[in-house]
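K.L.:
Read top to bottom, the protein sequences are chains A and B. Residue numbering for the first sequence follows our numbering, starting at -7 and increasing by one per position. Residue numbering for the second sequence follows our numbering, starting at 430 and increasing by one per position.
Some clues are possibly wrong.
[What the hints assert, rightly or not] The calculated label-pair distances, taken between Cβ atoms and stated as ranges, are: (1) B/N558 <-> A/S201: 19 to 25 Å; (2) A/K31 <-> B/A539: 23 to 29 Å; (3) A/R363 <-> B/R543: 50 to 56 Å.
Just so you know, the hints here were simulated from the structure itself, not pulled from any lab data. Cβ coordinates follow ideal geometry from the N, Cα and C atoms, glycine included.
As a plain string of letters, each chain reads:
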Amino acid sequence: MSLRRFGIAAFALLAPLWNGGLALAEQRFPPPEFETGYKMPAITTPAPRGLAMEYVDVAVLVTALGVAAWLVHRKRSRRGLIVLSLFSLVYFGFYRKGCICPIGAPQNVAYGLFNPDYAIPVTALAFFLVPLLFSLFSGRTFCSGVCPHGALQDLVLIKPVKVPLWLEQGLSIVPYIFLGAGVLFAATGAGFVICRFDPFIPLFRMTGSFFILCLAGGFLLTSLFVGRPFCRFLCPYGALLRLGSLVSKWRVRITPDYCTQCRLCEQSCPFGAIREPLVATANPAALAPDRRRLGWLLLLLPVLIAVGAWGGSKLSVPASRLHPTVALAEKYLDPKKPAPTPGSATPETLALTRADENAEAILTTAAAVRRKFDVGGWWFGGWVGLVVGLRLVSLSTRTARADFEPDRGSCYACGRCYLACPNERVRVGLLSPAEAAGLNANRAASRVAASART
Amino acid sequence: MSTPAPNHPPVNRRQFFRDGARLAAMTGLGAFLGVAATRSRASQNTVWQIDPSKCVYCGQCATACVLKPSAVKCVQSYEICGYCDLCTGYFVPQPNSLDTGAENQVCPTAAIERKFIEDPYFEYNIDENRCIGCAKCVEGCTRFGNGSFYLQVRHDRCLNCNECSIARVCAGDAFHRVPASEPYVIKTTAHE
Ligand code: SF4
Ligand code: SF4
Ligand code: SF4
Ligand code: SF4
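Construct the complete structure from the given sequences, taking the supplied hints into account.
P.N.:
Given below as structure tokens:
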């Protein structure tokens, strides 16, 4: 950098006007006094998109959520949901370019909570809270017809393959980990990683880096054969909606009336959300090993959290490098840093020059960010431990159910299973009651078969 | 017909637990809203903007924006422009001649219009449809001239990404969120 400085100094000597006159005239070249009556053009400052339009977005979101809830629970119409999905894809996806969306909004909230200088935009807060509130009443209605990401994946799904249950259950903890990471990096001010690695926004914008476009293509191709891969295995907001819909007031019911256990709906869900009936065991002794395992797992839970927190604290140093100031400070302190040469200034050497000039400020900021990561690493690790532990616990609990039912958390309320049910077909007039009765006979037969098996 | 099936008793233990959890979650969301709303000082949206005094002309504005060409453009503050014949933002060092020949220009896309006003003054305008935000002219003008050329995020183009892709890589750490009501940092004095 000394060479570069030298170069500048040499130029300063050649251009005495530059530094010398600063005290008197702040401009190197005084502004001209025009004699021909010349008028200076005004600087144009095109305004950003108005705040009013953002309220329109919120209104559209609330309306779409309401319509989705009605379509799922009252109208029970897959076709209606397809139309709504198309609308959402066009509006939130291609028109609003996927920004702001609830998937990224947890980061705005986390950033705002930990950095009081940042005002959480009203819209970001609304986009974060409103779909969650809806999930407490009507399940994942946001996913069913409002989310542009979900809509895109849902609409391109042509031939769903079944994901093995163990893989599904293993991968379904990834969204929670991603959510934790998103919150950690946002809260420490390192950036919004959920936005950075969002695979569909580049598609809505038709632009992006090579890496992200490859990711987008990969996800889109996968979506043709695996139902909603992003929703199931990555979406951090879906992780929250899943929790919300676990306690939702209304749930998706495959049958409008009563389940004849014909098993016709079983294969209709491309997301593997439909669960078989499970009778509560009459004999409590048979449950003893399960109970014991559950007990052990509950004991293991704090251990997992502690181990996770410890591991997370080890990760805090590499993770903090995602913060640009920390990265710069490290590079600046690195003895092998590239020496800036005149004429070939790269962003890197320019940043190093800046670090050289403001070394103290940059090192202080970097140290402060590091401290935040030290704390954040523990929390993040503990969170991962908790998520893994709770997943294990949930795997060894049994929920007794009488009918074929969608799993509350995994159901995207897409409405595909409705018309698979013969009783629903009778209700909408696609099947005569007599034909349905035939299926009921089938039910009796399968019952006999089932009891023969046990 | 769409009423819940009769073989599901409306209230049982699980149902009770769910109602409680839902109530707790709603309280939580409400508390969250309260905290989030009081923690934020300004009650308005923000947009991304460049602080011209921190820009070090690294060139990332031209390449890192998600838009091609970038939403960042060069802005000319006429008030502080010297209207120089030999504009160091317009001409390369030691130009062959002081004319509009492309080989003489700093700007790779010839986005700067040079207009004769009166002897010896020339007006310089940026054609934003051509400007790619590379900061080459900004460097020339700021290092050796009055610094009336500087980069700004143009909000008629910018998508206001939740995380600006340039902000992450800006060598001068010049990108910040500014209140949407004052979306530009217009230079009115040279060399701030
Ligand atoms: S899981 Fe996520 S991406 Fe999928 S529909 Fe729901 S919010 Fe959208
Ligand atoms: S030199 Fe670069 S920043 Fe300046 S006008 Fe040309 S394209 Fe725009
Ligand atoms: S916010 Fe997005 S569109 Fe605007 S300048 Fe940054 S990267 Fe470009
Ligand atoms: S990225 Fe930053 S330093 Fe580089 S040209 Fe843009 S504003 Fe200037």
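K.L.:
Does each hint hold? Answer for all of them.
P.N.:
Going through the hints against the structure:
1. B/N558 <-> A/S201: 19 to 25 Å: holds, 24 Å
2. A/K31 <-> B/A539: 23 to 29 Å: holds, 25 Å
3. A/R363 <-> B/R543: 50 to 56 Å: Since the Cβ atoms of A/R363 and B/R543 sit about 52 Å apart, the hinted range of 50 to 56 Å holds.
In summary, this structure violates none of the numbered hints.
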